[in-house]
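These protein sequences, in sequence, are chains A and B. Per the numbering used here, numbering through the first sequence is continuous, rising by one, with the last residue being 483. Per the numbering used here, numbering through the second sequence is continuous, rising by one, with the last residue being 483.
These are calculated hints, taken from the structure and not from any lab test. For every residue, glycine included, the Cβ atom is placed at its ideal position computed from N, Cα and C. There may be inaccurate statements among the hints.
To be clear about the criterion: a stretch of chain A counts as covered by chain B if any three or more of its residues have a C-beta under 8 Å from a C-beta of chain B, and this derived list gives those stretches [claimed, not checked]: (1) 259 to 266; (2) 272 to 280; (3) 283 to 296; (4) 310 to 318; (5) 351 to 357.
Listed next, with one range per pair, are the computed distances between beta-carbon atoms [what the hints assert, rightly or not]: (6) B/E385 <-> A/E176: 51 to 59 Å; (7) A/P110 <-> B/R90: 55 to 63 Å; (8) A/R29 <-> B/R137: 33 to 41 Å; (9) A/S172 <-> B/R466: 18 to 26 Å; (10) B/R133 <-> A/R90: 34 to 42 Å.
Each chain, letter by letter, is given below.
There are 2 protein chains.
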Amino acid sequence: MALDDSPPLYLQIATQMAELIRNGSLGRGSRMPSVRELARQRGVAQSTVVQAYHWLEDARLITARPRSGYFVAARPVALPEPSVSRGLRRPRDVSVDWLGQRILGTPHPADVISFSSGTPGPDLLDVDRVRRAVTRSAQRHRQLLCTYPSSNGHEDARRAIARYAVGLGCSLNPERILITGGCMDSISLCLRAVTQPGDVVALESPTHFSFLEVLQGLHLKALEIPTHPRYGISLDALQLALETQPVKALLVVPTLSNPLGACMPQGERRRLAQLAAQHGLAVIEDAIYSDLAEQDEHRRSVKSYDATGHVMLCDSFSKTLAPGLRLGWVEAGRWTEPLRRIKDMQAGGQSPVLELALADLIGQTGHAAAMRQLRTAIAARMDEVRRVIASAFPPGTRVSDPPGGLLFWLELPRAVDTVQLHQAFLDERILVPPGTVFGTGGRFRNCLRIGVGGDWTADHVRALRRVGELACAMAAVPRKAA
Amino acid sequence: MALDDSPPLYLQIATQMAELIRNGSLGRGSRMPSVRELARQRGVAQSTVVQAYHWLEDARLITARPRSGYFVAARPVALPEPSVSRGLRRPRDVSVDWLGQRILGTPHPADVISFSSGTPGPDLLDVDRVRRAVTRSAQRHRQLLCTYPSSNGHEDARRAIARYAVGLGCSLNPERILITGGCMDSISLCLRAVTQPGDVVALESPTHFSFLEVLQGLHLKALEIPTHPRYGISLDALQLALETQPVKALLVVPTLSNPLGACMPQGERRRLAQLAAQHGLAVIEDAIYSDLAEQDEHRRSVKSYDATGHVMLCDSFSKTLAPGLRLGWVEAGRWTEPLRRIKDMQAGGQSPVLELALADLIGQTGHAAAMRQLRTAIAARMDEVRRVIASAFPPGTRVSDPPGGLLFWLELPRAVDTVQLHQAFLDERILVPPGTVFGTGGRFRNCLRIGVGGDWTADHVRALRRVGELACAMAAVPRKAA
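In isolation and in its complexed conformation, chain A is listed as follows (with noise of 0.2 Å):
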């Protein structure tokens, strides 16, 4: 890499420091050294430490307490975190994994214990709020019910979205935010905006299987770019893509990625934004956990970074609202006309009454409060599991440890083989997908993903106990030699 590619001073002094916090030489809870003392120390100027501070505070891993400096964080981490992903350095064609549609794409039997979702169910969200909104939206636009709705969704439903999108740090115009079918549907839009088939589009690795799926939809090639399992993906890894790759779009989850659940700090998310300027490069951001973000620090979006409309900003309300309503929104920068015909022409528009129903949810004065008691309720399920993980998998496991969200990604001893532990746990009646299914080419073959958003019990617990036990056994035998 050129000397140019190294990463700026603060991000190198802020990953010095992680690595200090992490290895234990400096302790939780212990204090760090003054700004004005590392500056010294280092020879810098102390607004880069300051800088390098931001990025360890935006990461968890410092807290600042005024008037008395800068500490490690106290938070006990359990386990050490999975080890930075490799990428790989060639654009491939996706063939998405067999297992990932059966494990993730079908619904399973009822009988089975799923550790498949990442998506809180309705034991977890507000039902009877959702089923008033409904009701009373029905009844309020009843007409709508029997016109054609306009293709970009309900105006008020847009203005509504606007609004929401100012916790995201954005200011956004109504006329230019597009209502669609949710999530993926905007992201898939979005795609064949900026691209056709046979283009190069940027990802995480490991990311979301739907991700994989719709690269193959669409004929696309993945780039699969080393991805921090706390920071997200490594800019300097894209970068050197970028100048070495015919790369037309990035697909990023900025705020808790799928599956790690790494949150890009907000330098990062402004130096992307940047990248994406001087690279022409499509960036489609997939904000979609924001509101699962335990930090309000972590929901301002590179959107809120982008100054010439190359960011194109996909989010729904399907992880903390409703899924049932299957509705989503995009602001596609600079590529919104061209999104727009691909919508018109597609199925034209989704229902109003929905639409509406939405708008009155995310306007109400008690949503706040309820994604506040939704992320506690997580997070009380998160904690259990991961006294669950620390206490029951095979010694050398690595976990992430992310900062919200319903998903871990476990890293086992390379002597696990999670596609053949996947069938033990199927055998009683247990779903896990393993690592293999949120890449290319086989990689992640010692890694898992468990996702507890789906039904919880104490059967879960059990099953997760004895998913542990079965990997331990697992690693107890020396893989054989493939």
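We have chain A already, so just place chain B on it with the hints.
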């Protein structure tokens, strides 16, 4: 055309008799020659004449009176029918008319009196019946508001659609029905399942504006096939095209085609299913207007004759029940699995609460009566429009006489340029789409489509007379050479 391409004997006889009826040689209400008599005269089997008479019955030109024989239908036709369209010999790239996009693709201001809609609006539909079904479904199935749905559609809704399809002459397996975001969504999915960019798709001429839009969006070429204003697409011309051109799919509306309002006779539907099987042609059948057909015999679909899975049946209830639900369905025959995959990766399902509201509505005992009531209301409005057209439009005007639906197709004297006229209408706040938007290459420039599905007031009747006056004024001035 080779000898083999000449129409079957019964159709030759039927066409000749139709001509005799149309030119008055066989007067309205008079007795037709008996089957035995005509068979002897023509030297053909009686069964051939019976077939010809059934075809003429389907076409509403004659009626059978038990024990008395066949009679020319008594219904007066005010004006002659439009001529059979010529079609185009070669496939063409589609570039939709900008006027079409402005007139049919965008909402018009409230003070404009519009004749652009072929869909019954809230004044013709039973808004409260729909509203009650939605409220009931949200109440009963509230859990589904907060669950990711199956992308195929809720199975109870698919079963209800299979029962409904019996009325289209089909016995469909609910497992193979996919619920979509509307009939155009179904059609777009079908096209994506059976074509690649650059492929040729045959369709009626003139055709539905949205069909041209979707073809353009998918980079498909249009091959416009001659179409009879009463009997629909010419299968002889289609057959010739199949033998000489690489036609991948046919997009056809056998019942109440848009804009002509033609209904294919049942014998022709059977022949089309056979042609598709012989040539490996994908027939995309749009049945959306079936419930608006005045006679039951027009409702039997091409799909009902399909033994080989070459017919993909697309439908929705947006023209008869509730366009604002945004639901449609498709049974894609042998292309069911590819279509399912495309749909999966596009958006992944509609709102199951709305799907089940729809299932409730179409399963209600009163639904058939509601459809009859709707057709009666529409017929009254259409009769009013027929009278205005007969009295206010220029001599030499030809007009379609559709057996149902809300559209008239007018062929004005050659001197009338409807693109120019459209601007004159607009100056008086009247909107009527010119014929050019229903084909490629600026054809049908002396044609108009009058749709009476929107609001309907005394102002509309006055505006329609004014449309006639302006057309008369232009007809009186000889058209300039181009």
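For each hint, the structure was consulted:
no.: 1; hint: 259 to 266; result: violated (count 0)
no.: 2; hint: 272 to 280; result: violated (count 0)
no.: 3; hint: 283 to 296; result: violated (count 0)
no.: 4; hint: 310 to 318; result: violated (count 0)
no.: 5; hint: 351 to 357; result: holds (count 5)
no.: 6; hint: B/E385 <-> A/E176: 51 to 59 Å; result: violated (39 Å)
no.: 7; hint: A/P110 <-> B/R90: 55 to 63 Å; result: holds (56 Å)
no.: 8; hint: A/R29 <-> B/R137: 33 to 41 Å; result: violated (55 Å)
no.: 9; hint: A/S172 <-> B/R466: 18 to 26 Å; result: violated (50 Å)
no.: 10; hint: B/R133 <-> A/R90: 34 to 42 Å; result: violated (60 Å)
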